[in-house]
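Asker: If you want the building blocks of each chain, they are given just below.
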Amino acid sequence: KAGVTQTPRYLIKTRGQQVTLSCSPISGHRSVSWYQQTPGQGLQFLFEYFSETQRNKGNFPGRFSGRQFSNSRSEMNVSTLELGDSALYLCASSLEGGGNQPQHFGDGTRLSIL
Amino acid sequence: DAKTTQPPSMDCAEGRAANLPCNHSTISGNEYVYWYRQIHSQGPQYIIHGLKNNETNEMASLIITEDRKSSTLILPHATLRDTAVYYCIVRNTGGFKTIFGAGTRLFVKA
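Protein chains in written order, with the numbering used here: chain A, 152 to 265; chain B, 3 to 112.
For the record, the hints were derived by calculation from the structure and aren't laboratory data.
Here the structure is a predicted model, which is why all the values come from computation and not from measurement.
Incorrect hints may have been included.
Stated by the list, open to error - These stretches of chain B come out as covered by chain A in the derived footprint (C-beta under 8 Å, 3 or more residues):
#1 46-55
#2 59-69
Stated by the list, open to error - DEER-style ranges, computed between Cβ atoms:
#3 Ser216/A with Gly103/B: 42 to 50 Å
#4 Phe211/A with Ala104/B: 16 to 24 Å
#5 Leu246/A with Met12/B: 31 to 39 Å
#6 Pro10/B with Ser237/A: 23 to 31 Å
Just so you know, even glycine gets a beta-carbon here, dropped at the ideal spot from N, CA and C.
Just chain B, with the same shape it has in the complex (with noise of 0.2 Å):
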């Protein structure tokens, strides 16, 4: 599985959007991106996860290059809730030896 790498923090306002960047340079064309987040104490959470096109949930919208060798994780109105560490993982198609970083910690502030 592909490695990423994420600035170590970050901030952000409440009420603005979050944007967090992930790069995963080495990529293969069976390796989809998956964004998690962590509150502290409690397990990850699922976020949302793309292949190649962009994708939105109700949390959040992935924006991948077209070279799908970055993305951007948005979090369109960051409220205080959404202060937590958010991994960048890619995972291929078959056998789940997911490999998680060290994820970017996002302080948002009132």
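So that you can see chain A by itself, here it is in the shape it has in the complex (with noise of 0.2 Å):
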């Protein structure tokens, strides 16, 4: 069974671009969610979706902003990109969501603003 896949795996943009992210979860989730990495604050969870709603959201900026598609296919988009913005931003799925349901993430893509 093939896993979580984000595309593309590195990205470069300057600031005051856009940038969206990829992520096809595994065959039969219907959970997706996402979240920033980076060295100083870590993980940390920005939205989740489920059957094309947005379910769940963490303390981001109205610049970061999500959308799932009828085949549970999910993309991330960033616009107005800062310097801050730099990070690992990975994708994971689940069944439901449910808390007895574990997540499974992919290797990420890692976004790198000049």
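Hints given; two lone chains; assemble the complex.
Answerer: So this is what it looks like as structure tokens:
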């Protein structure tokens, strides 16, 4: 069974640009969550999608947004990029997002802002 | 979601058992204890989870105290490839605002 796939693996952007990251969950998984990982703040929850609806949201500005498609694939968008947005962005999927269902992570997209 | 406390780093000799502690004194009755590990440049890898009872799988064992305020992850025969950052987190049955702490950096030495 294929794992969580994130594309691209690496991305370089400049301040002010916008970026879209993609996540394909494990087949049959309907819950997709996004996290930001930085050396200073660690792993921080961005948002979770289930059945094409945002179900939970972390404490990030509105520049960070996402969406989920009917096949459960998800995209995350960051607009007006800032230097502080440089991070590893991780996607995780689970069956339905319940507390007894493990999340499985992809290897992330490393975003660098110049 | 409850917060967890872990030691920042631990050492373990190759072939010996690695016992990683986690404190979650504010855990609620409907919150599960999860363990993940992260090797540099990879996403976190799920290891094991439990609610009240001890759990074992092919990777590790999870021991949860009776009052559920702490737990221990046991890697029975640590190898060099087990060197990683180990995260202990708690999650409730609804919602998904999972909070990761700083984790424990485990060094397995030959």
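Asker: Are the hints correct? Go through all of them and say.
Answerer: So, going through the hints one by one against the coordinates:
For a cut-off of 8 Å, the count of residues in the stretch 46-55 of chain B with a CB near a CB of chain A stands at 5, and the three-residue condition holds. Beta-carbon proximity to chain A at under 8 Å applies to 0 residues in the stretch 59-69 of chain B; the threshold of 3 is not reached and the given coverage is violated. Ser216/A and Gly103/B have their C-beta atoms about 27 Å apart, which leaves the hinted 42 to 50 Å range violated. The hint said 16 to 24 Å for the Cβ distance between Phe211/A and Ala104/B, and at roughly 20 Å that hint holds.
In this structure the hint that Leu246/A and Met12/B lie 31 to 39 Å apart at CB holds, the actual value being about 32 Å. The hinted range of 23 to 31 Å is satisfied by Pro10/B and Ser237/A, whose Cβ atoms lie roughly 24 Å apart.
In the structure shown, a violation is registered for the earlier hints numbered 2, 3, in ascending order.
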